[in-house]
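Asker: Residue strings, one per chain:
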Amino acid sequence: MGTPKAALEWHGSTLLGRTAGIVARAASGPVVVVRASGQDLPELPEGTLIAEDPREGRGPMQGIAAGLAALTGRADVAFVSSTDMPFLHPAFIRRVLRVLQDNEEVDVALPVARGYKQPLAAAYRVSLAAPAERLVKEDRLRPAFLFDECRVETLDDAVLKQDQLLATLDPDLDSVLNINTPADYAAARARPAPEVTVQLFGTLAKGDSAPGPHVVRAATVGGAADALAVVFDRHVTAALNGDQITRDKATPLAAGDSVFFLSADAGG
Amino acid sequence: MPAGGYFGRALVADVTSGTSQDLPLPDGVLRGYIGGSGLGTWLLYRLGTPGADPLGPQAPLAFVFSPLVGTSLTTSAKFAVVAKSPLTGMLTDALASSQFAIAGKLTGHDAIVIGGRAPELSVLLVDGDETRLIGAAHLAGMTAAEADRQLRGELGRGWRVAAIGPAGEHGVRYATISHDGRHAGRGGLGAVMGAKNLKAVAVRAAAKVAPADPAAVLAAARDLRERSFGPATAKYRELGTLANLLVFNAISALPTRNFQAATFEGATELADQTSGNGPEDVPGDVQGMRRVARSSCASCTIGCEHIYRSRGGKKARVEYENVFALGPMCGVGDPDAVLAASARCDELGIDTISAGGTIAWAMECAERGLIDAPWLRFGDSAALLRVLDEIGGRGTPLGSLLAEGSRRASRTVGAGSGSFASHVKGLEMPGYEPRTMHSMALGLAVNARGADHNRSGAYEADLSGGLDRLDGGDAHVAAAVETEDRAAVMDSLILCKFLRGVFTDPFTEWAGLLSGVTGWEVSGQELRETARRIVMAKRVYNIREGWQPADDWLPDRLLDEPLTLPSGRVATLTAGRLRAMIDSYYKLRGLDPEGRPGQVIADDLGLA
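Residue numbers (the working numbering), protein chains in the order written: chain A, 94 to 361; chain B, 23 to 630.
Be aware that a few hints might be false.
To be verified - Here are the computed lysine to any residue pairs in the SDA-like style, where the Cα-Cα straight-line distance is at most 20 Å:
hint : chain 1 : residue 1 : chain 2 : residue 2
1    : A       : K299      : B       : T290
2    : A       : K299      : B       : G488
3    : A       : K299      : B       : D411
4    : A       : K299      : B       : R316
5    : B       : K230      : B       : G325
6    : A       : K299      : B       : K230
7    : B       : K230      : B       : E248
8    : B       : K230      : B       : R249
9    : A       : K299      : B       : K609
10   : B       : K609      : B       : T530
11   : A       : K342      : B       : L489
12   : B       : K336      : B       : A320
13   : A       : K342      : B       : D411
14   : B       : K336      : B       : D411
15   : B       : K337      : B       : E291
Treat the hints as calculated values from the structure; they're not laboratory data.
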């Protein structure tokens with residue numbers, strides 16, 4: 094690429110910022126970013142934990158080992174993602190995580206999507222931190238070595254798309270598309286922002302602004318606000334899909350999201 | 023010479039004997055508890071007989087003013103009514119706004135405390151230092167508004183009246199006290215007044231009081247008035263709190279059918295925001311209802327009152343809480359019916375939240391076959407109106423049962439019905455779903471008044487975007503403590519909480535206001551300590567009256583039955599999570615593991 098992927102611009106944010114934000118939305122626990130020692134990182138969502146990768150150039154196994162180690166005691170399962178998957182959808186993450194949540198006999202939920210195994214879009218038990226670290230020390234750096242030592246359930250396209258929500262929101266499983274060349278990046282960046290639904294509540298729905306729902310294209314909450322000329326200041330918050338409430342303009346959006354803009358003084 | 027804004031004394035009236043006396047209020051007490059809710063707590067602790075029946079003659083009923091009343095500060099014409107609640111057996115303090123606050127204070131007293139029981143239905147007149155009882159047989163059965171009009175006609179100019187409706191006379195445990203169409207609503211204060219054989223209290227100004235620094239107060243008042251026109255109060259000014267209904271429905275926080283769901287299919291019909299969006303002076307349709315007026319409390323520049331008229335011609339003030347309680351909570355989606363039920367509650371003089379919560383519990387009991395009222399079904403508008411009348415007059419066995427509130431009624435009915443009685447400490451839940459608002463869950467559980475959204479504004483944290491409202495932890499506890507402290511000060515100064523968003527450094531700004539009025543040099547830090555003192559004093563009062571650690575808890579349903587959000591996320595509030603938050607709250611408050619204060623805290627309260 095010639096430039097760090099993490100810092101590549103993505104609709105006003107960065108690839109890493111978006112990935113961390115999407116994972117944070119889909120997972121109920123902390124988000125850990127593994128970086129090389131001294132590596133500069135772009136701005137990350139509040140609360141993101143940083144883990145140092147003690148040895149550079151050891152490939153994905155080292156990153157997996159460091160990330161799982163950082164989560165030991167904080168979570169039981171983890172979704173592991175590379176930094177360069179701009180179309181990663183929360184529904185994909187939830188689908189993959191559900192395998193480990195539903196079946197204690199499985200250690201790794203490994204998508205085999207779009208014809209390839211996706212170890213960097215997979216779910217792992219945090220207890221795999223120790224064997225992963227041992228494999229790194231043994232210089233056995235391919236994830237396949239780890240899979241040989243644990244119970245893996247694979248999820249092909251058909252299995253993944255049995256999840257109706259995922260099939261609807263990410264029918265081509267673009268979640269696993271990554272960016273390896275400037276051309277990949279240019280093509281991805283040329284795609285329109287995801288289509289989302291926006292509703293306005295309270296005083297925001299007065300005057301010229303109808304309450305909606307409005308269908309707009311926006312990659313972030315700030316983008317959705319801009320699309321409807323909502324001034325996203327301290328008097329306004331946004332609820333994503335009726336769930337998480339945020340004041341962070343950089344909160345990433347994915348296809349099919351609904352955004353409710355509310356008065357910050359909702360209540361009493 | 024008392025500090026500015028104060029008279030330095032309370033009037034203590036005994037309506038059994040018809041006598042009264044002054045109780046001096048030293049500067050230390052006033053500075054330590056300010057007024058309103060805080061001073062009321064101190065007075066109740068001092069003047070109440072420990073363990074007394076809330077509906078007995080020994081239980082005092084206090085109308086408490088504050089140093090800011092009568093100044094030009096917006097929203098300051100408020101007073102607190104404080105008593106031992108007949109619903110909870112603990113402290114209740116309801117705030118209300120009207121000219122009664124100003125006239126009551128200008129009788130020359132910082133509080134009017136009433137004890138005893140009049141020999142017959144009476145009106146207590148407070149005319150400056152003079153008090154007397156007059157017969158009120160001719161007012162019996164009247165609504166509070168009718169009694170108010172009648173009395174003011176009889177007494178002449180200058181009198182202001184706080185009265186009870188039929189429900190207060192009949193001892194409905196969630197009866198209200200009303201004045202100028204406003205209500206001291208929660209906790210059954212109307213029943214306390216009715217038990218004293220008082221239909222009304224009438225007051226007339228006879229004194230003056232000035233702030234210590236009139237110029238500073240005037241400047242602050244101008245500044246505050248300007249800020250009150252800004253975006254922080256826009257929701258209240260332009261839409262009223264009814265705007266919450268669609269928001270809460272959208273985020274699965276709208277208690278529905280006795281907390282069996284958190285969204286209501288009829289929400290849009292009850293609070294349609296596609297209409298009524300014209301200029302403020304143009305009425306808008308809300309389905310069957312028409313907004314016909316907007317008004318303000320005395321001395322208020324916000325103007326949050328939105329009056330609607332139904333197709334049937336009835337008018338009622340529409341707020342989120344009454345629409346929630348008589349609408350979604352009871353499964354009723356007909357706006358006309360909800361408006362009519364709200365108006366009926368006002369006429370009877372009963373708290374809409376407790377009425378709705380108790381009726382919703384009864385509807386579920388009826389559907390489960392636990393009470394013999396097959397006509398009482400969720401969503402049945404006619405049943406809602408019928409049962410309200412039965413409650414208000416205690417005219418039937420069912421009405422008498424429900425007039426006791428959901429906790430007592432569930433003890434009578436038994437059969438596990440207590441597990442879905444939606445109350446804390448006996449006070450019915452307001453319209454905030456604890457499973458999807460974990461800060462608020464804690465606030466509701468530990469609050470001295472019971473399930474209350476005014477003494478704990480912890481929902482602010484849940485809605486702030488600063489924390490995950492479905493994953494309660496230490497941050498939620500800290501937020502609950504902070505909002506409880508803020509409420510303690512605002513309720514004692516007293517300022518309306520709808521003004522809270524205009525303050526950027528609240529404790530410091532409030533300290534400035536209090537300093538200008540009183541002449542004391544009050545700091546923000548001092549007010550933070552005052553807040554903690556007031557919160558602790560309420561807890562100490564409750565402990566004296568029999569509070570037990572198990573009282574700081576939530577109904578079983580909220581801990582045992584998860585909710586699934588439209589996002590697919592499951593909202594659970596387990597007993598373990600609630601226990602952890604309560605333990606953390608106790609620690610942060612400096613309480614022991616059972617929630618009791620130690621000697622250091624007790625020494626600071628000045629109650630002994």
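Asker: Check the hint pairing K299(A) with G488(B) against an upper bound of 20 Å on the C-alpha distance.
Answerer: Distance ~26 Å between K299(A) and G488(B) Cα, so the pair is violated.
Asker: Checking one constraint from the list: CA of K230(B) to CA of R249(B), max 20 Å. Satisfied?
Answerer: violated (28 Å)
Asker: So if I understand the rule, the pair passes when the alpha-carbon distance is 20 Å or less; does K230(B) with E248(B) pass?
Answerer: violated (27 Å)
Asker: Between K299(A) and T290(B), is the straight-line Cα distance small enough, at 20 Å or below?
Answerer: With a Cα-Cα distance of about 16 Å, the restraint between K299(A) and T290(B) holds, given a limit of 20 Å.
Asker: Quick one, are K336(B) and A320(B) close enough, alpha carbons at most 20 Å?
Answerer: Violated. K336(B) to A320(B) sits at ~24 Å, over the 20 Å cutoff.
Asker: Is the hinted pair K342(A) and L489(B) satisfied, with a Cα-Cα distance of at most 20 Å?
Answerer: holds (15 Å)
Asker: With a cut-off of 20 Å on the C-alpha distance, tell me whether K609(B) and T530(B) pass.
Answerer: violated (26 Å)
Asker: Starting from K336(B), check that the Cα of D411(B) is at most 20 Å away, please.
Answerer: holds (16 Å)
Asker: Sort out whether K230(B) lies within 20 Å of K299(A), counting only the CA atoms.
Answerer: With Cα atoms ~44 Å apart, K299(A) and K230(B) exceed 20 Å; violated.
Asker: Can you confirm whether the C-alpha distance between K299(A) and D411(B) stays at or below 20 Å?
Answerer: Status violated; Cα separation ~38 Å.
Asker: Quickly compare the C-alpha distance for K337(B) and E291(B) to 20 Å and report which way the hint goes.
Answerer: holds (18 Å)
Asker: Take the C-alpha atoms of K230(B) and G325(B), compute the straight-line distance between them, and say whether it is at most 20 Å.
Answerer: violated (27 Å)
In this structure, the hints that do not hold are numbers 2, 3, 5, 6, 7, 8, 9, 10, 12, 13, in rising order.
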